[in-house]
Structure formats: structure tokens, C-alpha cells
Amino acid sequence: MEMEKFNYDNGIVRKFLIATVAFGVVGMLVGLLAALQLAFAEFFSDNLAISWLTFGRIRPLHTNAVIFAFVGNGIFAGVYYSLQRLLKTRMWSDMLSNVNFWGWQLIILSAVITLPLGYTTGKEYAELEWPIDIAITLLWVVFGLNMIMTIVKRRERHIYVAIWFYLATFVTVAILHIFNSFELPVSFLKSYSWYAGVQDALVQWWYGHNAVAFFLTTPYLGLMYYFVPKAANRPVYSYRLSIVHFWALIFIYIWAGPHHLLYTALPDWAQSLGVVFSIMLIAPSWGGMLNGLLTLRGAWDKVRDSAVLKFMVVAITCYGMSTFEGPMMSLKSVNAISHFTDWTIAHVHIGGLGWNGFLTFGMLYFLIPKMWNTKLHSMKLANFHFWIGTLGIIFYAIPMYWAGFTQSLMWKEFTPDGFLAYPNFLETVTQLMPMYVMRAFGGAIYIVGVLVMVYNLLVTAKNGSFIKDEPAQAAPLAKDYTPHAGEYWHRALERKPMVLMVLALVAVSIGGLIEIIPTALVKSNIPTISSVKPYTPLELEGRDLYIREGCYNCHSQMIRPFRSETERYGEYSKAGEFVYDHPFQWGSKRTGPDLAREGGSKLRKPNSWHYNHMLDPRTMSPGSIMPPYPWLIEDQLDMSSTADKINAMRTLGVPYPQGYEDRAVQDLNAQAQEIVDDLLTSNQIEVPADREIIALIAYLQRLGRDIESTDVATK
Amino acid sequence: MKSLRSNTKAAAMITLVCLVALLPQKASASNALINGTGLSDETLFIILAVIAIFQLLAILVIAGVIKSIVSNQRIWQMRWNKGAGVMTLLFVLLGSQANAQDGSFDALVKMNDTGFIALIILNLFLFIAFIYLSAKLNGLMKMLLKDEVGKVPESFMDKVNILLTDAVPLEKEEGVLMDHEYDGIRELDNNLPPWWLYGFYFSIVVGVLYFFHYHVTGNGDLQLEEYQAELLEAEEAKAAFVAIQDVEVDENNVDFLAEASDLAAGQKIFMLYCLPCHGESGGSMPGGVGPNLTDDYWINGGSMNDIYKTIKYGVPEKGMVSWQAQLNPQKIQQVSSFIKSLKGTNPENAKEAQGDLWQEEETAETVSPTKEQIPSSDSTSGETESATPDAADDVTLVE
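Chains as they are written, first to last, in numbering that gives the first Met the number 0: chain B, 0 to 714; chain L, 0 to 398.
Errors might be hidden in some of the hints.
Quick list of in silico lysine to aspartate or glutamate cross-link-like pairs, EDC-like style, CA-CA up to 16 Å [what the hints assert, rightly or not]: (1) L:Lys237 <-> B:Glu566; (2) L:Lys330 <-> B:Asp267; (3) B:Lys229 <-> L:Asp182; (4) B:Lys522 <-> B:Asp267; (5) B:Lys331 <-> L:Glu225; (6) B:Lys87 <-> L:Glu225.
Honestly, the hints are just simulated from the structure, not real lab data.
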């Protein structure tokens, strides 16, 4: 058969590689900033009390930057490089490739601008507001279309396991993103989640968990399947293992989301499904690790000499560790200790720094010399990067595990006469300061390694000559094909990538549907509480400020049914309490105390306490690491969309009476005046009624109140 | 081969010894705990169950290895291997049986020995199966490896490797190399590592049992039941603790504590919890959130009993937090006494008076101790001053 000549598009890969490195450095530096804010809170409060620099806005920027900018560009770089070669064809459309690249960078840029400015949906890892959500959807379709059309015009009959993973990634991320981003726009950069309370929590963690699965795991497994055998020059260990673990992984992963909501107000059966599927997930996850590590069988001597393989071995090992640790943390008894603590932070950073970071570095050390047609500038520097990076992970993780255990044990400790041993939450935070300093050190040296890599790669590229269009040749596919006799059944699927993609779609849909639909439809899953009423307009505005400032990054609103929590915060949280919460604000980490009942009788504080506390937390809580929020007192509350917000909430099912939007601002002003009067009469604090602080105080004072009026009613 | 066999033998001996040791113990002490070893019935039961599970796992793994050695390694056997199927089924049955036993766990453990004897017999049975299968495996491996490579793997690690991964040796890799190639990447058709495969099956079984345990049989405590149990346990522990304490202080019987050590302790508590709202001096600056505690005006009453009560229950509508969950009665008494001792200290920048003028009704009881207290605090000022720098000064100033 005649060979066809064509070129691989290396130009697009180069663009994505540069973006990967650039945003990797930026995202990690932002992470370091967040770590320093916790470790040296006093310095930041005194010198850098700037709204867009507060932890609540910086932390989402960090997570979004490393996930979607660093890893996201890494995925595209790896996929655009490997896909062309595995299919023996150029990308279908250079134009779409470039749209994908520039569009993605624009989305990142918009995130870099909007997140620090406080435009957020308040849902973790999905903070970007609705116009950006739509842009992401379109961009993802562009990526998918380009990939699918490239597959269609391939010159390779069967598609390789890496591409199965790319396809599963494409369809699943699309579903996750679209369904979790259902939101009702109120204005250009403000929207409310379509779902409320428990349902919002379930959808959010179905998304959040599977963002880890299908953005940080499956595409990277695809990259592993391409780059590890290429770099080691060894055959993949077991084709059968690839098949079994691929299908098992995508089918089971999707179910495990509820393990982020153990001991919450989520119905028990959904929690148990989360636990059960997390346990079943160990083997499918480890299938990938085994296939990666055993591919190196007979090539371990190469690992010693190759920077690429070294990074990849550590990456795969970290993948194995965190995919074992994850299911362990999903066991309810372990989760009771780990949840809301720094243990979770340690866990995700083993995955993030180890698996994603190191695999990306391995890929970079492989690709750049290859694409620039030269040798790596300095093996010594690469080795230095490897060791300092590994040390960085260790210095990061160990203090965080320590901090997690310490804090959890302190929360749970009782004195013999039945009192909390550390009733003041702050004591359990100040205890962690040395660990936070060490963590920042670990993160810093990891970044030093990355910077060394950047230098090494820049010099490498300078020494070489880049080939933008790499010539290749291959025979076109013959029209007719007769399968080998006795071939595996799965081979047939590999010839029909669209069928494979649809089957993957079916596999990932089942778990989500079974968990989400009953929670949304079956009434008994969320027993209603008659005394739970919609927020007043002022409280609603206050809640939006709570979301804007990213309070959920440090404060949970979910009291679990543990004695240590009900003693500290009051009655455990009930599903029916959150029915008007669009979005839910349960949080996932307690750097500060739970706020679900901040306005309830057990924790209620005077308005003036909140006023002083927001102005400077350390006057009310000496030693607090919370940043001050002076702009809440200076800035006027924007009431221009209050009526629209009421309307939007009514559309979402919140029972505001018809026409209430016309009275909303009036009610808002009246309630604000009450708070202002109280501040003045009892504490001589003079503040205009139109300031943001008033709305936030109103919201905080409302938290946890509704359920107490039930008690009164039943009595 | 020898070492593998001797390992199996060693394992066999250990298990046998364990079983034999357990049998008479249980039999001889049917109704009491086994005092000699300190093993309770429950522990014994769990040990036996765990041994049984591990043996089952071992059997499954060996069966899997034998299966794959016997079958042609080049072709993926699509049909279900009957042996493995039966084994899995058996396992599931056993598992559900164990689950059924869960409910009557106490009965089983406490009432009779049948359960134990059944478990021990099961263990023995499994053990015989284990020995038999390992012998078969040994024979097979010997045959295969001798035939095809002409040498027997000698090192222990080689054997472990074979057992763990069931992989085709590197030198024979060509035999399982698949015919396709993608951008130079080839694929081998190695068997699934047996421990991985059976671990996967095992995790599925565990998952199913877990769900049955909590949501079908209803034996497992869901989170609210767990919570109720936790509360009950705490209540009992607290009652037991309180029973051996002196009479508990409450708002009706609370007395002013004049001891310098009590006042120092009270001051410490004050600085930790009250300072943010009531100020370091008790005069409510700089925060200015709470009322002045040093003047004669009180919103909720100024007697020892009133102060104690205000601290204990809080006054939510006025913003005073309840402290009874955080401070035990003695601590509330100490801090109440300290607050009482602040009266008349007239700190700088004190907040203006709020509430009603409070006059001690039982002057003899409350006011006079305050006055008496000051000289006594003076006499021990050497001790107090170091611990309570500011307020102690204030107290002496009053004099």
C-alpha cells in the first residue's frame, strides 16, 4: 500500500507546553501565598489587608489555577502530542486546535481576574461564574470535536488505551461540568445554583470528586500509557489489565462522590453508596499503577539514568498511595477523624504534587528535548529538581497529616466531667502554626525545583531547533478489514471509537443517575421543617457577601452528629434546614469554626461582636488567623439587584410571595436600621445603614435560628 | 522449591498450633472468659473469623494461579472458570452467612460453643484445601518451569514474584507480545496479577456486605443511632464521674470564692473568654461589646447568684453567650468571683453605666467578704502578682 506523507503539528503542543509551565509556576506561587497567609496571619493582617488578597479569594484562585490551568494545559499538551502519533495523522483542524488553546487561556485569564474580585458561585472547584461556565462548555466541545474528527480520519485501525482514557475524559467532564453548572443568572456576573441544600451538595461533590477522577486522573492515566512505555522503551505490561481496569475505573469512580459528605445531612443510603464504591475503587485504581510500574519490568536500570522515568515512577507511586488513602478516608470511622482537617489537604497534595506534578514534569523532560531535537541541557539540574521536589512533597505532606490528627483529636477531646477539653476553637488552630510554617517551606522548595526545571528546559530549547511540523508517513486505512481469527472481543470496540465512547458515557451515567435522581425526587430524603423560612432580603444580600468573600473556604456550615460537635456548636444539622440554600455552603475544611448555628442560642454573639470581629478579628479573638475585612464597613451594599435576586430565588422554588420583590428593598432597609440602632444604643458604634457589614451581620445572626423556633413551637 | 514448601509447612504448623490451642481453651471454658490468655469470647471469635477469611483469600489466589497456569496463557479465557466461580459463590454464601450471624453475634458468642466449633472446623477444612492446593501449585510450577526453561527458579524473590504477578518471565515475553503496535508502543498479554484480581473480587464482596449490613438487614447503626449511643455513653461516664465528686455548685448555692488562687484562676478564665467583649479591665474597652463589669450598675443582676446564672445560661437576646458547655461549675464560680472582685476598680476608659443600680441586699453575706478579701489577697500578693499582673494591681488599688 502506498504511504501517505503528512506532518504532525508540534506548534500547538509547544504552545500548550509553555502555558503548562507558566501557569504551573503561577498556580503554585498562589498556593504558596495562601500557605503563607495561614502561617503568618498577623503579618498579612497588618500589612496586606486588601480585599482581593484575602485567603477566601486566593485559595479558589490557587485550586482553579493548578487544576484547570496547570493540569488542564498539561492534558492538552499531552493529548495533542500523543493523539496525532497514536492515530498517525495530524490534528483534524489547526484552527480548532488554536481556538482551543487561545480560548482556554482566555478562560484562565478571566478566572485570574474574576476570582480575586469576588465573582464566584461559591461551589468548590466550580467557582467561575456563568458566562465563563458557558465559555468552558464551548471550548470543551471544540476540544472534543477536534479529537473525535482526528480519530475519524485516523490511519491506525485500532485505538490505543490512552485514547480510551481521553474519550472517557471528554464525555464525563462535559456531563459533570454542565450538570453542576446549572445556575440561574441574576446579573452579568452573579448567579444562583439551580439546586438547593442537600441536592446541591450531592451534585457538587459528584462533580468535585469526579473532577479529581476525570480531570486529574483519567487523562493523566492516558498520558502515562503513552509516555511511560515510550520513555522506557518497553511494552505495556498487560493489555487485559488495561481493559479491566479502564472499564472498572470509570464505572465505579462516578459513584464515590458522596464520600465527601459522610456524617452530613445527606441521606444515609447515599452516604453508604459512597463508602461502598470507594472500597471497590482500590483495585481499579491500582490496576493503572500496576500497569505503569510493571511496564518498567526489565527496565529499572534505565530509571536510574533517566530523569523522565524517575519522575514518572514517583508519580505513579504517589498515584497508588493516594488512591489507597482515598478509600481509607472514605471509611466512616476514618472520615470522622480526617474530614474538615488538614489531612484532606495532605491527601490532595500527594495526588497533586506527586501524581499530576511529577507526571507533568516527566512529560516535559521527555518532550522538550525531543521536540527541539536536542539533549536535555543538564542532567544534574534535572536530578536536583527530582530530589528537591520529592523532599518538597514530604515536607508538605507530613506536617499536614500531623496537623490533621492534632486538630481532630483536640476537637474531640473531653474532660472527665464531660466538657470539651478545648472549647475555644482557636486553641486548636494556634496549635497548628508550626505545621503551617513547615508546610509553606515544603511548598516553597517544591517551587524552587520547578523554577530550576524552567531554567533547564529554557536552555535546552535554546540549544535545539524546534520543528514545528514534524514529517511522518503512514499508509491509509484499507476499506475492508477482516479481523484476526480468535482476537479479543475488545478489539472490535477499539475499531469503533464512537461505540466505545458511547459505552463509556453509559458507564459513567449509571452511578450519577442512581444517586442524584432519588435524592431530588423522593421526598422522604429531605424531611421538611416547617419553621425553616426563606432569608430576608438583607440576609440574602449578606449571604451573597459571605459567598463573595469565600468564607466557605475556612468555615463549614454542617454540624455532624458527633457529641464533640453538638457540644461545641449545637444541634446537628438537618437536611430540611438547607432547602433555601442556593448554593449550599457546607464547606469542606474548618480552618475556623463551623457557622451553621452562629446565630443560634448557643453561639449567638452581639451585633457589635461581629462588627468588631470583621473589622479586626483579633480584637474579639486574640490570636485569630482570620483576615480583617475593613472594606465591608467602608463599602455600600449594592441593592440594585435585590429585587432580581428575590425573583430569581422564587423561580428556583423559594416561596417569596408574588410582588415581594417590590417591597424587598424597603424591608431590607428596615432590618438594616434595626441593626444600626442596636449597634448605636448598646455599643455607641456609629455606622451607616447602607454598609455591607450590616447585611453580613444580619446573615450571620440568622444562621441556625429557624430550627430553634420549632423547639418553641413544639413545646 | 524446597524453601517454598518449607514455608508452606511452617505456615501450616503455625496455623495448626493456633487452632489446636484455641480448641481446648474454648471447650474447657465454655461459659467464662479464658483467663489464662486474657482472650475474651469476642476476640476469639474475631481471630477465628479472620483466620478463615485469610485462608479463603489464600485459596482463591492459589486457585487463580493454577487456573491461569493450566489454561493457555495466550488466549484470554472468556468462559468463566468453573472452579473460580464455585469458589466465589462459596465465598459469597459464607459471607452472607457471617452477616446473618452478625445479628445474633452476642447470642453466638455467649450462649454456646457450636459457633466456635463450626468456625474451627471450617478453618481446618479450609486449611486442608489450602495445603492441597499449594502442593498442586508446587508440582505444577516445577513441571512447567523445568520443561520450558530448563531451570527451576531458586531465589525466594523469584517465587514470590511469580505468586504475586503471575507474569510471563521476561525471557519468554515474546510469547505474549501482542501483534499490534502504536507509535512504537507494544503491549504484552500478561495475566491479571492474582492478588489484584481476587482483591478486587474481595472488595466487591465487602462492599455488598457493607450495604446489606446497614440498609437491608438493618443490623448496622446508622449515624443517628451511633450518635444516640455516643450521647448515652457520655452521660453514663459523666454521671459516674460526678458521683464521686463533691456537691456540685449551681446558681442557687454558689458562694463567693475569696481565695487568691481561685481569683487568679478566675482571672485566667476571664482573660481567655471574657476579655474580647468586656475588656481586659472588665470596663469593656476597647471592644466595647459587653457592659462595664466594674461599676454598680447591672443589667441582669449583680449578686453572686445572678452573675453565675448569667454566665452559665447566657442572655441570648442581649448577646451574652452561654458558657455552661465550655466551663464547668467550678470554673464558672471562679470567674464569677473574679468579676465580683472587679467592683469599684474604676478602670480608665470605662464604658458608661448600663442597667439598674445594684445594691447588695444581703450586705453581710456578699459585700463584707469582698472587703475582707482584699487584705487577704494583699497578704498573698507575692503569689498572685506574678500570675495576675493587671487586675491584681487593680484590686489592690481599691484598697
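Can you confirm whether the C-alpha distance between lysine 522 (chain B) and aspartate 267 (chain B) stays at or below 16 Å? holds, 14 Å
Does lysine 330 (chain L) pair with aspartate 267 (chain B) here, judged by a C-alpha cut-off of 16 Å? Violated: lysine 330 (chain L) and aspartate 267 (chain B) sit about 40 Å apart, past 16 Å.
Pairwise hint evaluation, aspartate 182 (chain L) against lysine 229 (chain B), where the allowed Cα distance is 16 Å at most: OK: lysine 229 (chain B) and aspartate 182 (chain L) at ~9 Å, within 16 Å.
Hint consistency between lysine 87 (chain B) and glutamate 225 (chain L) [alpha-carbon to alpha-carbon, up to 16 Å]: violated, 59 Å
Straight-line Cα separation of lysine 331 (chain B) and glutamate 225 (chain L) no greater than 16 Å? Measuring from Cα to Cα gives roughly 11 Å; hence the hint holds.
Need the status of pair lysine 237 (chain L), glutamate 566 (chain B): alpha-carbon distance at most 16 Å? Cα-Cα ~14 Å, so holds.
In summary, the structure is inconsistent with hints 2 and 6 from the numbered list given earlier, while agreeing with the others.
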